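Visitor: The lines below spell out each chain.
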Amino acid sequence: MITVHNLTKTYGQNTVLNIDQLEIPKGQSFGLVGNNGAGKTTLFSLLLDLIQPSTGHIMNNEVQVDQSEAWKPFTSAFIDETFLIGYLTPEEYFYFIGELRGRNKADVDALLSNFEDFFHGEILGQKKYLRDLSKGNQKKVGIVASFIGNPEVVILDEPFANLDPTTQIRLKGIIKDLAAKEGVTVLVSSHDLIHVTEVCERIVVLNKGEIVKDIHTSAETMKELEAFFAG
Amino acid sequence: MLKHFTGLQWKSFFRSASFKTEIWFKILMALGALYFIVVFLGMGVGAYFLIEDMELGDPLRVANRFLIYYLAFDLVFRYMLQKMPVTNIKPLLYLPISKSKVVNFSLGKTVISFFNIAHAFFFVPFSIVLLVEGYPPVQVIGWHLALMAIFYCNNFINVMVNNQNGVFYVFAAIFILAGASQYYQWFDITIYTQPVFDFFYDMPWSAIIPWVVLVGLYYGAYTYFKKHMYLDGGLAKKQSEAKTENLEWLDRFGNLGTFLKNDIKLIKRNKRSRSAVIAGAFFIFYGLLFFTGALEVYDGPFWKIFAGIFVTGGFLFSFGQYVPSWDSSYYPLMMSQNIKYREYLSSKWYLVIIATIISTILATFYIYFGWEAYAAVLVGAIYNIGINSYLVLWGGAYVKTPIDLTSNKKAFGDKQAFNAKTLLLTLPKLALPMGIYAVGHFLISPMAGYIFVAVFGLLGFVFKNKVFTMIEGIYKKEKYKTLQAYKQK
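Listed in order, the protein sequences are those of chains L and Y.
Position 87 of the first sequence, counted from 1, bears residue number 87 in the numbering used here, the numbering being contiguous throughout.
Converting from the second sequence to the numbering used here requires adding 231 to each position, the first position being numbered 1.
Keep in mind that a hint or two might mislead.
Mimicking BS3-like on lysine-lysine, the simulated pairs with C-alpha atoms at most 30 Å apart in a straight line are [said to hold, decoys possible]: (1) L:K128 to Y:K496; (2) Y:K695 to Y:K708; (3) Y:K631 to L:K135; (4) L:K128 to Y:K502; (5) Y:K718 to L:K208; (6) L:K135 to Y:K458; (7) Y:K708 to L:K127; (8) L:K105 to Y:K502; (9) Y:K571 to Y:K660; (10) Y:K496 to Y:K695; (11) L:K223 to L:K176; (12) L:K135 to Y:K474; (13) Y:K695 to Y:K571; (14) Y:K697 to Y:K502; (15) Y:K242 to Y:K474; (16) L:K128 to Y:K458; (17) Y:K457 to Y:K474; (18) Y:K496 to L:K105; (19) L:K127 to Y:K502; (20) L:K135 to Y:K708; (21) L:K172 to L:K127; (22) Y:K695 to L:K128; (23) L:K135 to Y:K234; (24) L:K135 to Y:K321; (25) Y:K502 to L:K135; (26) Y:K457 to Y:K499; (27) L:K127 to L:K26; (28) Y:K502 to Y:K340; (29) Y:K660 to L:K135; (30) L:K128 to Y:K332; (31) Y:K458 to Y:K571; (32) Y:K474 to Y:K340; (33) L:K105 to Y:K571; (34) L:K135 to Y:K712.
Just so you know, the hints here were simulated from the structure itself, not pulled from any lab data.
For clarity, every value in this text was computed on a predicted model and none was experimentally measured.
Hey, can you work out the whole structure from these sequences and the hints?
Guide: The following block contains the structure:
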């Protein structure tokens, strides 16, 4: 589904990302871990054509991301709060995204009804604008919005941070289902090793912009990761 | 302690993102500030002689008569523009600094605000002229000190009523009513207020009264702030109750409707965009200066076109000018969602067009000033729709200033919004239609001048697709730079 070729990103003298080759097949739940500054968000931003690669390119379902916009219809993402429109209510935001992705109100409502326990009664019908919601609730809105319109690729940057424990557990279930049942390619980054090992079939460790480990998740994965990060 | 506070203040000023502009622009700003200082000084010196020449009576008494309006204006300006001192004190709350010190510093900071100092440039020279002209020094000084106290009273009144829109609108309404009734000679509020200001002059010792009031107000503001210095109190962000709006009638426009819906909400729900639209609406009356012959310099024939462009283009200039920046806080979303650049741009274009048409309809009253006036308005509208609407979108690609929708700060003239490219683009917006008109006017007839400008506008309309492809290309090229710039709040 996604292939990365000779990708680098350099700011001045500083190479923040350098990936020779990476291939993510369709329907894989893919986890990206690494310390601060490892290049996780840079890779995701490149995937979304928010920054330009210094060399190389990314193919998303046969579309070269920095050349054509044709990847947009089947790719969705939630990176940070700049993906939210502060002056809309959550409902309006969902409908807005829905309309952009060719889904009418009924479709969106049907999708949202699956997430009622995820929202925990704090999102819909609250008479609040997104900018006035708490950070955690904003995140829930952004994550759920990225599921609208049956995307084939979903990119979530640090989806577990800022969420309460109950929601974290629910989110793990949702992500697993997406990849297993619906064949969606899910890309997740996280600082929390336990969460990624639970959710992802495959884990890639970035360190200073380079891939240092590429693991198919198994019972030993957690130990391996801990050993790596303990230095 | 004061040393620490001042140090923080110093850094926050010089390290602010907006301060780091190009050097030539700083020079330009300094020159601009200097210009205004000189103008104010000149007015302070000249006001006395001007009033004397117009033979309205004793200049000091005349000044006293209209002071109430001056003060009211001052208050309105402060309410709209003066920043509140509470910002930035959150990080100090839990540090071992007594609350009263923080409050005193924050309030003290407002004392040296531009909004207080600016008046000195007018009133100090005015008082000096009074002294030179032989007014008794003690009385003049008493009057001057009283006024100074009153301006500072305004300062603290504003601090206290800030964010209470109800109070503000009532006040503004009374003020406008007073002005109107004075103009139409129904009721003259100055008859009642002039004696108050005269009193400060006639009895110089009475200057003590406003100073006492000032101390009282300071104390009031102090206790008010101290009492409300909690995160869920005075420091809380005001939350308005949200209403979900569907605006379903826009659905028929497909994807375009989706964006238009969003833009309407954007304008309605954010302070900054509302101000821009209101400012744009005022432009409709700008033409009165030209068509009533109020100002002689504007009597040249092609100034009518200038007026026509502004009358119908208020929204275009105040909102359209900043087009991608309105979406700056969620630009990454727009760039990664399933959106074609062209659709995004044409929704903005339609918004500008609709607003221009509405302004044109509202401006129908110019017909009262003769067909030529209204022709200028109509032709201006056509040119705005046909040419200027593209030019603002084009210029927008180079404006890389993120806009904070929730605050009115910097609403009037953002330094970074000006750069060489946008400045160059204003030329064809204003000078070109004037030039085209002048050619027609002087070679053939005024009528031909209007027709020329209208034809130019229509031509622009014909080439819409071509122009859009070009603008789209520019936006695409600037996309990464724009994303990068919007990140820096």
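Visitor: Against each hint, give a clear statement of whether it holds in the structure.
Guide: Okay, the hints, checked on the actual structure:
no.	hint	result
1	L:K128 to Y:K496	holds, 14 Å
2	Y:K695 to Y:K708	holds, 20 Å
3	Y:K631 to L:K135	holds, 27 Å
4	L:K128 to Y:K502	holds, 16 Å
5	Y:K718 to L:K208	holds, 22 Å
6	L:K135 to Y:K458	holds, 28 Å
7	Y:K708 to L:K127	violated, 39 Å
8	L:K105 to Y:K502	holds, 29 Å
9	Y:K571 to Y:K660	holds, 27 Å
10	Y:K496 to Y:K695	holds, 27 Å
11	L:K223 to L:K176	holds, 21 Å
12	L:K135 to Y:K474	holds, 21 Å
13	Y:K695 to Y:K571	holds, 17 Å
14	Y:K697 to Y:K502	violated, 35 Å
15	Y:K242 to Y:K474	violated, 40 Å
16	L:K128 to Y:K458	holds, 27 Å
17	Y:K457 to Y:K474	violated, 33 Å
18	Y:K496 to L:K105	holds, 18 Å
19	L:K127 to Y:K502	holds, 19 Å
20	L:K135 to Y:K708	violated, 33 Å
21	L:K172 to L:K127	holds, 28 Å
22	Y:K695 to L:K128	violated, 40 Å
23	L:K135 to Y:K234	violated, 35 Å
24	L:K135 to Y:K321	holds, 18 Å
25	Y:K502 to L:K135	holds, 22 Å
26	Y:K457 to Y:K499	violated, 33 Å
27	L:K127 to L:K26	violated, 39 Å
28	Y:K502 to Y:K340	holds, 25 Å
29	Y:K660 to L:K135	violated, 44 Å
30	L:K128 to Y:K332	violated, 35 Å
31	Y:K458 to Y:K571	violated, 51 Å
32	Y:K474 to Y:K340	violated, 38 Å
33	L:K105 to Y:K571	holds, 21 Å
34	L:K135 to Y:K712	holds, 28 Å
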